[in-house]
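All chains, full assembly: derive it from the sequences and hints.
Using this note's numbering, read the sequence shown as starting at 58 and increasing by one per residue.
Honestly, the hints are just simulated from the structure, not real lab data.
Keep in mind it's a predicted model, so treat the numbers as computed, not measured.
Please note that a few of the clues may not be correct.
Derived pair list, reagent style DMTMM-like, types lysine to aspartate or glutamate, alpha-carbon separation capped at 20 Å [as the list claims (entries may be wrong)]:
#, residue 1, residue 2
1, K133, D144
2, K97, E164
3, K172, E204
4, K72, D144
5, K160, E62
6, K72, D146
7, K139, D88
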Amino acid sequence: MPLYEVTLIPKHLGKTEMFNVLKRGVNLLLDHGAVITEMKSLGHRDLPFKRIAKQTKEPVRESTYLLLNAYMSIQKRSEALKLLSNDLDIAYAFFVNTKDLDKPIPECNLDDMLKPPVYRESVKALRDDGKIGHFTRQIIYKRTEKEWKAVPKSYPIPPRRR
58 MPLYEVTLIP
68 KHLGKTEMFN
78 VLKRGVNLLL
88 DHGAVITEMK
98 SLGHRDLPFK
108 RIAKQTKEPV
118 RESTYLLLNA
128 YMSIQKRSEA
138 LKLLSNDLDI
148 AYAFFVNTKD
158 LDKPIPECNL
168 DDMLKPPVYR
178 ESVKALRDDG
188 KIGHFTRQII
198 YKRTEKEWKA
208 VPKSYPIPPR
218 RR
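And the structure:
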């Protein structure tokens, strides 16, 4: 049974309703054979994007983040996710396998991608290895030619005739 990080984001509720939602969610996980190892409340925060409450159709822009670490089987996880997502008081429920969290973050190469192709190291390596054929060079040439022609040019204004 893999370890999952369960994220529950209920709609904006009072303390007693929040307790009931958490109790309902935990009981649902326990009924589906989960072994809960840790429960955290990350507090009341703004959501990164707007969610819609299921019954009232009101936007949910801030809520309490609840994190649970639980061991459970893959089949039971999908069943529990369906039931949690159908709960009217929970705006968002999601399971993340903790093995996915251990993967390294890829490097950002935005500064390299913003350079023109002539100055990129990846394009230089392709040219040095001869990976760009004649046909590809023609396509690149035609594309840059079209882009050059699309740029409005300023023409000199001739002097006035008398």
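Checked hints:
The straight-line distance between the Cα atoms of K133 and D144 is roughly 17 Å, inside the 20 Å bound, and the hint therefore holds. About 30 Å separates the Cα atoms of K97 and E164, which puts this hinted pair outside 20 Å; it is violated. Proposed proximity of K172 and E204 is supported: the alpha carbons are some 16 Å apart, at most 20 Å. Under the criterion of a C-alpha separation no larger than 20 Å, the hint pairing K72 with D144 is consistent with the structure, at around 18 Å.
Proposed proximity of K160 and E62 is supported: the alpha carbons are some 15 Å apart, at most 20 Å. Between K72 and D146 the CA atoms are separated by roughly 13 Å; this keeps the pair inside 20 Å, and the hint holds. For the hint pairing K139 with D88, the CA-to-CA distance comes to about 14 Å; that is within 20 Å, so the pair holds.
In summary, the one numbered hint that this structure violates is 2.
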